[in-house]
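Dock chain B against the given chain A, drawing on the hints supplied.
Protein chains in written order, with the numbering used here: chain A, 1 to 215; chain B, 1 to 631.
Among the hints, a few may not be true.
The list that follows gives simulated cross-link-like pairs (lysine to aspartate or glutamate, EDC-like), each with its CA atoms no further than 20 Å apart [what the hints assert, rightly or not]: (1) Lys357(B) to Asp337(B); (2) Lys124(B) to Glu111(B); (3) Lys625(B) to Glu168(A); (4) Lys625(B) to Glu185(A); (5) Lys242(B) to Glu263(B); (6) Lys167(A) to Glu609(B); (7) Lys192(B) to Glu153(B); (8) Lys605(B) to Asp205(A); (9) Lys625(B) to Glu186(A); (10) Lys170(A) to Glu613(B); (11) Lys214(A) to Glu168(A); (12) Lys605(B) to Glu168(A).
Think of the hints as simulated: they come from the structure by calculation, not from any bench.
Keep in mind it's a predicted model, so treat the numbers as computed, not measured.
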Amino acid sequence: MRRSSTRKPAAATTNAGNRAAAKELERIDTLFGQYADKNEELTIGPEGIEQLCRDLGVEPTDIKILLLAWKLQAARQGYFSLEEWRRGLKAMRVDTVDKLRKALPSLQLEVANIDVFRSFYTFAFQYCLTEPRQRTLDVETACQMLELVLGDQPHVSSFITFLQEQKEYKVLTLDQWTGYLRFCEEINPDFSNYDENQAWPLLLDNYVEWAKAKQ
Amino acid sequence: MEHNKCLQMIRDILMYMDRTYVTNFKKTPVHELGLNLWRDHVVRSPKIKSRLLETLLSFIHRERNGDMINRGLMRNIIKMLMDLGPSVYQEDFEKPFLEVAAGFYKMESQEFIECCDCGDYLKKAEKRLNEEIERVSHYLDSKTEIKITAVVEKEMISSHMNHLVEMENSGLVSMLAYDRYEDLGRMYNLFKRVSPGLALVRDVMTAHLRNMGKQLVTDPERLKDPLEYVRCLLNEKEKYDKIITTSFNNDKSFQNVLNSSFEYFINLNARSPEFISLFVDDKLRKSLKGVTEEDVESLLDKVMMLFRYLQEKDIFEKYYKQHLAKRLLSAKSVSEDAERSLILKLKTECGYQFTSKLESMFLDMKTSKDTMQGFNAMLSSSDICDSPSLSVQVLTTGSWPTQPGTNCNLPREILAICDKFKTYYLSTHTGRRLTWLTNMGTADLKADFGKGQRHELNVSTYQMCVLMLFNAADQMTYKEIELATDIPPVDLKRNLQSLACVKGKNVLQKDPMSREINEDDVFIFNENFSSKFFKVKISTVAAQKENEPEKQETRQKVEEDRKPQIEAAIVRIMKSRRILDHNNIVSEVTKQLQSRFLPSPVVIKKRIESLIEREFLERDTTDRKLYRYLA
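If we strip away everything but chain A, and leave its shape as in the complex, we get:
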């Protein structure tokens, strides 16, 4: 008798925990259902995402949505799968639209950490690769993403101008994309510590040359 009485509280806590978790999951799933595609029940499609944006009070082009996609590790631009939704919302500990809305600013805080930001930055590139075997991003889209993701940093607008003016590269590779972030982190505004004999992508060698000529 005693044994069973000592066991019970432990089991009770776990059970309570389980029950709470199960309820949360249920609410997450319900929330998912509100936006899910009529035809594809396991996916939230572009229309659903638009509706979600309206409910959250943000523009679809706001960086917050991109952050959300990142948190969900969404594989396909414009779509959230049930798996991704569950994973992301659970990690954020939200299960209602209200809670989600309130959680968005915290995402921005999260990527203030440089290491986390790198992961987000890389995700931003890959998220734009819409075709199945696409590995590169056209310059136009790349510029938009840079503006969105890095807009507030110095010499980003200069780099974007350069990308639009130059004709040698029509697409950007992931290597060039990540190279640029490193460039932002390490190189002085006057390029005084830039060495083109180092392993910087050729694209950036060209950029520095162009920028120096303009000064």
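Same frame as chain A, but now just chain B:
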């Protein structure tokens, strides 16, 4: 001397004391004491000391000015000073001697500099140097030699080094230009003694060579004639080789100067590889007739020297192949031995890959000969027909730099025999495919003109097709000819121009007479054609300097070929090193490819990025300066 004699006597007398008392009580031995006394009380006595020195120095001064002096006396006095102790000689004589010499030569060198040209000055300096050396050997301590020569070197050479070398109209540059071997040799020997004498000579020579070379390779007049261009290069090389051998004692550091300067300016002109190949082509075509084998070898060796300076050896290879193909196919090569010899030299220099295709070309020629023998044997043993005689060279695709042949409409008679050959060949070589290269063949035609004139015309295959049309008509428009022969317009126009617009070779007449060819222009068989030669050659198959678009095309092809070579080098290096930083990759790749061309760091970087994209390499995640090999 007298004193010495006396001293010796005294020493002998006091020998016992010398040996016992002196050593026991550590007193100065007699002899030495005697010398010391002499030194202190006589030689160094205030009245004598300065007079002695003055006298000695004035004697020397007089001798420097050309007078004869009593050398024996000098020798004795100096010896006496030396005997009195090393410090006596050095302090009382040598030091002031050197000072005075310095002053003397300082003045004299100033005088000479102002009135002599470089060659004369050097002669004088050399003379003075030798004089001083001789002086030492005659009556000074041998240890003084190095000190006095240092003084002369400093005052006469070091102080005026730059001025001498740069003297206008007589300095180094002028000596080099006018092959003044003796002056150059003198300069070399004198400047060798001082530092940084030879370095200065080398620097000035380098600057001069580079300048001279740059002018040579960028002179627009010279660029019009590739053969002259190369001849000039060879002459300059020979000239400076001779200078280094004759005047600079074959000094390796000067040979290096020569080599690095030549390498510098030869590569200033991107057409150097092409021109060198044209030069070789010319030699192998005709200019080697009647030249001895030794001379041939020596010429080819000289050409190889220039070849070694080229940074873009792969461009040379491309042109060489083209020119060789033309030589072989038109049977214009004068000496197969010479051709083979050069290929062997290229192989030794650049390795098997460079020459394997060239050797395959030779093999094709030989095989074709055998094939033709068999074909002709078959023909003669079969039905005798009045067909044209055919000579075919079968080329292995890939070894020859041929453009893909276009199909033109061959005359009926030719077509028949060509088909016969094809059948014959394919019967013995099943599984192969033959394509006629109508843009590369030649033909000999017998043509009858008015007044019973008959000539044998040597023409291109295309020209043959055109001319055969005139067996059926006396005149045709351009359009009709194009239609009938199906020859590409660019080639057709060029060939028609050779047939109709060249004085002495116009077997066709053109109406209108302009050089330009339009659709409706009429071509008429020229009944009145005449030539004092029976055989008339109309086609040009000799290699010529490429025009601008051709040159661009060749260069582009070579640039394209380079990309996979660079990538292969990168992969090879990374496979063995696994991880490497950027600078090291660049230098390793450059080293591996230097026998073919010089890749720029930018191009290497581009190839690396391409390899990253294709996942042969990746950047290291922790240190992004490094690259990793992906297996």
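So, going through the hints one by one against the coordinates:
no.: 1; hint: Lys357(B) to Asp337(B); in the structure: holds, 18 Å
no.: 2; hint: Lys124(B) to Glu111(B); in the structure: holds, 11 Å
no.: 3; hint: Lys625(B) to Glu168(A); in the structure: violated, 24 Å
no.: 4; hint: Lys625(B) to Glu185(A); in the structure: holds, 15 Å
no.: 5; hint: Lys242(B) to Glu263(B); in the structure: holds, 18 Å
no.: 6; hint: Lys167(A) to Glu609(B); in the structure: holds, 18 Å
no.: 7; hint: Lys192(B) to Glu153(B); in the structure: holds, 10 Å
no.: 8; hint: Lys605(B) to Asp205(A); in the structure: holds, 10 Å
no.: 9; hint: Lys625(B) to Glu186(A); in the structure: holds, 13 Å
no.: 10; hint: Lys170(A) to Glu613(B); in the structure: holds, 15 Å
no.: 11; hint: Lys214(A) to Glu168(A); in the structure: holds, 18 Å
no.: 12; hint: Lys605(B) to Glu168(A); in the structure: holds, 15 Å
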